[in-house]
Amino acid sequence: MAHSDPEYDDHGADDDEDVVVRGRGGRSMASRPKGRAQATWEAAASRNWELQEGADGSIEGVLGGLEEAGKRKRLLKDTTPLQRGIIRHTLLVLDLSDAMNEKDLRPTRHLLTITYTIAFVREYFEQNPISQLGILGMREGLAIRVSDMSGNPNDHITALKQLRSTEPKGNPSLQNALDMARAALYHTPSHGTREVVIVLGALLTSDPGDIHDTIKACIRDRIRVRIIGLAAQMHICAEICRKTNGGDENYYDVAIDEVDYRQQLMAITTPPVLRSTDTEAQKNNQAALLMMGFPSRIVEEKATLCACHGNLTRGGYLCSRCKAKVCNLPATCPTCDLTLILSTHLARSYHHLFPLRNWSEVSWRRARQKGSTQCYGCLSGFPPVPAQQEVADGAEHDQAFARTKRAEGASESSRYECETCGNHFCIDCDVFCHEVVHNCPGCQSRARLPGAQGDGEANGG
Amino acid sequence: MNAVDATDRGAVQQDVEPPSLLTIILDTNPHAWALLADSLPLSKVVANLLVFINAHVAINHANRVAVIASHSERAEWLYPTPTQPRQQHDQANGATHDGDGERADVHPPNDANKYRPFAQLEHALVTNLRRLMTTTTAPSLSTSPATLLAGALTRALAYISKQTAALPTATTSTQFNYSDPSSSTAAGGNDLNTDPTKAHTTLGLTSRILVVSVSGDLADKYIEIMNAIFACQRLSIPIDVLKLAGDPVFLQQAADTTGGIYMHLATPQARAGFLQYLMFAYLPDQTARENLIMPAGEGEGVDFRAACFCHKRIVDVGFVCSICLSIFCEPLADGTCLLCGSHLSMGNYGRNPAVVPKRKKGKGKKRALDSGADTPAGSGGEGTPAPG
Numbered sequence: 001m002a003h004s005d006p007e008y009d010d011h012g013a014d015d016d017e018d019v020v021v022r023g024r025g026g027r028s029m030a031s032r033p034k035g036r037a038q039a040t041w042e043a044a045a046s047r048n049w050e051l052q053e054g055a056d057g058s059i060e061g062v063l064g065g066l067e068e069a070g071k072r073k074r075l076l077k078d079t080t081p082l083q084r085g086i087i088r089h090t091l092l093v094l095d096l097s098d099a100m101n102e103k104d105l106r107p108t109r110h111l112l113t114i115t116y117t118i119a120f121v122r123e124y125f126e127q128n129p130i131s132q133l134g135i136l137g138m139r140e141g142l143a144i145r146v147s148d149m150s151g152n153p154n155d156h157i158t159a160l161k162q163l164r165s166t167e168p169k170g171n172p173s174l175q176n177a178l179d180m181a182r183a184a185l186y187h188t189p190s191h192g193t194r195e196v197v198i199v200l201g202a203l204l205t206s207d208p209g210d211i212h213d214t215i216k217a218c219i220r221d222r223i224r225v226r227i228i229g230l231a232a233q234m235h236i237c238a239e240i241c242r243k244t245n246g247g248d249e250n251y252y253d254v255a256i257d258e259v260d261y262r263q264q265l266m267a268i269t270t271p272p273v274l275r276s277t278d279t280e281a282q283k284n285n286q287a288a289l290l291m292m293g294f295p296s297r298i299v300e301e302k303a304t305l306c307a308c309h310g311n312l313t314r315g316g317y318l319c320s321r322c323k324a325k326v327c328n329l330p331a332t333c334p335t336c337d338l339t340l341i342l343s344t345h346l347a348r349s350y351h352h353l354f355p356l357r358n359w360s361e362v363s364w365r366r367a368r369q370k371g372s373t374q375c376y377g378c379l380s381g382f383p384p385v386p387a388q389q390e391v392a393d394g395a396e397h398d399q400a401f402a403r404t405k406r407a408e409g410a411s412e413s414s415r416y417e418c419e420t421c422g423n424h425f426c427i428d429c430d431v432f433c434h435e436v437v438h439n440c441p442g443c444q445s446r447a448r449l450p451g452a453q454g455d456g457e458a459n460g461g
Numbered sequence: 001m002n003a004v005d006a007t008d009r010g011a012v013q014q015d016v017e018p019p020s021l022l023t024i025i026l027d028t029n030p031h032a033w034a035l036l037a038d039s040l041p042l043s044k045v046v047a048n049l050l051v052f053i054n055a056h057v058a059i060n061h062a063n064r065v066a067v068i069a070s071h072s073e074r075a076e077w078l079y080p081t082p083t084q085p086r087q088q089h090d091q092a093n094g095a096t097h098d099g100d101g102e103r104a105d106v107h108p109p110n111d112a113n114k115y116r117p118f119a120q121l122e123h124a125l126v127t128n129l130r131r132l133m134t135t136t137t138a139p140s141l142s143t144s145p146a147t148l149l150a151g152a153l154t155r156a157l158a159y160i161s162k163q164t165a166a167l168p169t170a171t172t173s174t175q176f177n178y179s180d181p182s183s184s185t186a187a188g189g190n191d192l193n194t195d196p197t198k199a200h201t202t203l204g205l206t207s208r209i210l211v212v213s214v215s216g217d218l219a220d221k222y223i224e225i226m227n228a229i230f231a232c233q234r235l236s237i238p239i240d241v242l243k244l245a246g247d248p249v250f251l252q253q254a255a256d257t258t259g260g261i262y263m264h265l266a267t268p269q270a271r272a273g274f275l276q277y278l279m280f281a282y283l284p285d286q287t288a289r290e291n292l293i294m295p296a297g298e299g300e301g302v303d304f305r306a307a308c309f310c311h312k313r314i315v316d317v318g319f320v321c322s323i324c325l326s327i328f329c330e331p332l333a334d335g336t337c338l339l340c341g342s343h344l345s346m347g348n349y350g351r352n353p354a355v356v357p358k359r360k361k362g363k364g365k366k367r368a369l370d371s372g373a374d375t376p377a378g379s380g381g382e383g384t385p386a387p388g
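Residue numbers (UniProt numbering), protein chains in the order written: chain A, 1 to 461; chain B, 1 to 388.
Heads up, a few of these hints could be off.
Example chain A residues on the side facing chain B (calculated, C-beta under 8 angstroms, incomplete) [as the list claims (entries may be wrong)]:
(1) 171
(2) 346
(3) 377
Now the stretches of chain A that chain B is said to cover, found in silico as 3 or more residues with beta-carbon under 8 angstroms [unchecked claim]:
(4) 295–308
(5) 427–438
By construction, these hints were calculated from the structure, which means they are not laboratory data.
Predicted, not measured: the structure shown is a model, and the values here were computed from it.
Every residue gets a Cβ at the ideal spot worked out from N, C-alpha and C, and that includes glycine.
Make the full structure from the sequences, and use the hints.
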C-alpha cells in the first residue's frame, strides 16, 4: 500500500529539514514526544513566508508554480501496475465510546466520524463496486452490529444516519470488536480480501481476555487490520496493525486534524496491494477463474414474475445462460447458479489495474523542439517559448532562471508530456486525465503512435 | 435607488439560463459511411448537423459548441480549430488560444445574409472536415477499419473540464473538486443520486456530449471507452448517442450509465428524418428533457455485454479472473491469467445448471445426472467450447 498511496509519497516529498518530528509519527513506534518541535500543519503554515520574489519583483510566477506543484504532487504516484485486491470484504469498526464526545474535531468526534463515514461508504462502493462492507460499533465494552455485510451503500448509510441520534457511551473493546469482525468475515470467499478498519477515539481498550490471542487468530484468518487513531498513538494498536499486515508499519496512523482524518479514511477506498504472502495463500486457496454472465436489461409489455423474489415486475435482467429473470444485479441466478453481474461494475475497477503513466515535465528546449503552442487535450494556449537567441546565449542561465522561478515539481514551460505519444498537455488536463478519465487523450487519438509499436498497451501498460 | 438596482440584478441572475456546452463527436469512419452512402451520405449529415448546431447556438447567446471527428486513424478537432505546431504552419495566425472560430486559417466569406457566428462556425467546421478527408491516405484506411471513439471522448472530456473550470461561475460547482477532495463534503462528486441535482442548481456551464455513430466495432478500446464513460458519470455529463448503423453495445451502455438519450435509426426511413430526430430529441437540455417523453421505440432493454480481453469478442457469458477481474471469452489453456499472471483453477466451470439442460451437446446432461452439481473442478477444463 505504501508504494502507491499518494499521501505517503507526499510526506516523503515535502519533508523539510527543519521539520524534525512530524505530527503524524505514525511510522515510528515510539510515542509522540511531548515537546515536539513542529507539527506538519505548522510547517505548512510557516512555509508561506518562504516565498521569494521573482527576478522582476513579482510573486505571481512563484505562486503559480506552487499551485501547479501542489496539484502535481498529488498525481505523482507509483504507476507500476500492482496486483490489487479488487474483491474486498471490509468491516468498518467505529468507536462509540465516551471518548467520541470530545470536541477536538468539530463538531464532535462522533458526528464528524459519521459524516465522514457516509462519504467513505459512497466512495468505497464507487471504487470497489463488487466488494462488501459491514459496519460495527464499540460501545460499553461490547461490539455492536451497526449494519450487516452487504454490497448496497444505502443500507449502510441509513444505519449510519440512525447512529447520529445515539450517544457514545462507555469504553471500547478492541478484542470484542476484532472477534466479532472475525466471525463476520469467516465465511467470505478466499479470493477476496479480508480487511478491518478501526476508527479509535479512545486511549484505552477494555478487553475480557488476552487480546494477543485474538491477534493471532486474526493472522490465521488472513485479516488485515488498519487503525486510524483520533487522539494519540497506542502501543497495542501499532502492534495489531503491524502483526496483521506482515510487519508493515504503515497501517496505523493518528489523524492530526479534520482534513487529515478525511484523507486517511478516503485512502482506504483504494484497493489494497496484495502481498506476495497473500498470493501464496491464495494459490493454496485456489484463485479461481469465475464464470460470470453479463445479462442485458429488458423491458416487458406485461409484468412477469421474477425468479429471485417471485415479484411481478415489468423489467429486469435475463440470465445469460438460462434466461431466468432476476430483478437486481449483482446476483446469482436462482435457476442455474451463474454469477450475474453488470459489466460496468467490473469495468469500474480497471483503471486500478491499468494506471495511466505519469507525464513528465517539459523543458523549454524540448518545448521548442516540439513547437507546441496549445494543450493537446483542451486547446488552451501555453505560454510562448522564449525567443531563440535568449536561450542560445546561455542554456544554463535559462535553466537556473526557470528553476528559481517555478516551484519544485512544476514544469518550467507549463507543459507536461506523455512519453508514449509525445503530446504536450496543460496542468489541468494532467490532473484531469490522471484522476478522472484515466486515459491519455493523445494516445487514444492516434491509431499508430510514433515510436510505439503496440497499440493495445498504449495506455501505460 | 440603490436598492432597486440590487434587486434587479439579482432577479436577472436568477432568470438567466446557464450556458450550455454541446460537444458533438462525429464518427467519420470512411468504411462505415461508404455503406450508408445510399440512404444518408455524410454531406447530408454534416448539413443537418450544422442546422442543429446553429439551433443550439441560437437558443442562448452564451451557448458553446465543440465538434470532434472520430476518424479511422485519429481523432481530430473540427471546431474550434486547433493551431498547428509551428514547424508545419509558419504563417498561421499569431494568436494561439481562445478557441473561437475567428482564428481559422482562412476567414469565412463575408455574407451579409448570414448571422456571423453561424457563418464562422460553418466555415471552420467544413474547412477542417475537408482537410481531415484530404489528409486521409489509402494505406491508413486499409489498416484501421475502426474508429477512435475513445480518443474523441477523452479529448472532449478534457476540453469540457477546462471550459467548466475556466468559467468563473462554475467555481462553486461540486462537480470538479477531484483535485481537492478535502474541500467538500460530497465524496468527490461521486454520489450518483445527488450530483445531477447539484448540477442543476449551480449556474456553471452545463455540458453534454452527442455522439453520432456509424461504426460498430469498438471492442478493442473497451477499457478506454469505459473509463471515459465513468468519467462522464462522475462529472454528470450525459452522453447522447444517435446511432445510424453498427453494433450498439458500448454506446448504449454509455447513454444508460450517464443518463443520456440513445436512439438507433436502423431503417432508411428513420435515417431520412435525421434532422428531425436531432431537433426534437437531442436539442432540449437536461432540465427540459425531464418534461418530455421519448419517442416510441425507447424503453427497450440495454445491452450490457462486455468485451473479452483475449480476442476482443463481445460476450454475454465470460470467465473472470478473480484477482484482476479481466474477462476472457473461453477458459484459459494453461490456467494462467493473461494479464496478472496468477494461476487460476477452473472453479466450478463445467458444473451444470441444476434445472435447465445444457444447450451444448448431450455430454453435459449425462454428467448432470450422475454427479449433480458437484462435478470435480478439474474435469471442466478439457476444452469444452465456451457457451455464447
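Structure-based check of each hint:
1. 171: At about 30 angstroms, which exceeds the 8 angstroms cut-off, the nearest Cβ of chain B leaves the hint on residue 171 of chain A violated.
2. 346: 5 angstroms, holds
3. 377: Holds - the Cβ of residue 377 of chain A comes within 8 angstroms of chain B, reaching about 3 angstroms at its closest.
4. 295–308: That given contact holds, which follows from 5 residues of the stretch 295–308 of chain A lying within Cβ reach (below 8 angstroms) of chain B.
5. 427–438: With 9 residues closer than 8 angstroms to chain B, the stretch 427–438 of chain A meets the three-residue bar; holds.
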